[in-house]
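Novice: Single-letter residue listing:
Protein chains: 2
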Amino acid sequence: MQMSPHSYTVEVIVENKPLARDPEGETIQNNLILKGGYKQVTNVRAGKLLRMSVNTDTPDQARDLVKKLCDDLRIYNPAAHDCQVRVIG
Amino acid sequence: MQMSPHSYTVEVIVENKPLARDPEGETIQNNLILKGGYKQVTNVRAGKLLRMSVNTDTPDQARDLVKKLCDDLRIYNPAAHDCQVRVIG
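Taken in order, these protein sequences are the chains called Y and A.
Every letter in the first sequence is one number past the one before it in the numbering used here, and letter 7, counting from 1, is 7.
Every letter in the second sequence is one number past the one before it in the numbering used here, and letter 16, counting from 1, is 16.
Just so you know, these hints were derived from the structure itself, not from any lab.
Treat each hint with caution, since some may be false.
For chains that are exact copies, the list does not tell them apart, and a pair is met inside one copy or across any two.
Said to hold, decoys possible - Derived DSSO-like pairs (lysine-lysine); straight-line CA-CA distance at most 27 Å:
no. : residue 1 : residue 2
1   : 68        : 48
2   : 39        : 17
3   : 39        : 67
Only chain Y is shown next, with the shape it has when bound in the complex (with noise of 0.2 Å):
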């Protein structure tokens, strides 16, 4: 096992694909902004958020790694969801 100095913030963002429906977001928007009047909210979606902290010597290679893990142990569904990787800070 290499060591590695860094620590970094991961961010996955997994949602239904753009052109899917968001049942989710549509209920929050209609049933709970809309009736409390806030009409300026013109759209809402839905999705998960998981925060990793991982340990790698650049930001590049915690998002590649992050980017593998998430195909490879199928944490999400490529064919329903599309899924953003983003390292913080």
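Given the coordinates of chain Y, work out where chain A should sit on it, guided by the hints.
Specialist: Okay, now just chain A, sitting in the frame of chain Y:
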């Protein structure tokens, strides 16, 4: 109703408070990621993401509106959760 010329994307992240346990994140880390051999991942926290499109004049107004909405409509439970609001792009 006043016309607002800009549409801003605002992300809302709801997650358990840092001192509270997060069974979902722990399960993903222990039973999926570590068993999959990704030992560089030292921590996983799970949360909910809402991405909203908001019509306001400025990004600050968009953020303030969404913060108010989250408190007002009880989008999260302030006793158990942290709620982060960010304007994107």
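Novice: The structure should be examined with respect to each hint, and the outcome stated for every one.
Specialist: Hint check:
For a Cα distance limit of 27 Å, the shortest separation of residue 68 from residue 48 qualifies both inside one copy, at 18 Å, and across copies, at 22 Å. With identical chains, the CA atoms of residue 39 and residue 17 are at most 27 Å apart within one copy only, with a shortest distance of 25 Å there and 30 Å across copies. Taking CA atoms no more than 27 Å apart as the test, residue 39 paired with residue 67 passes between copies only; the shortest distance there is 15 Å, against 37 Å inside one copy.
Violated hints: none; the structure is consistent with every hint.
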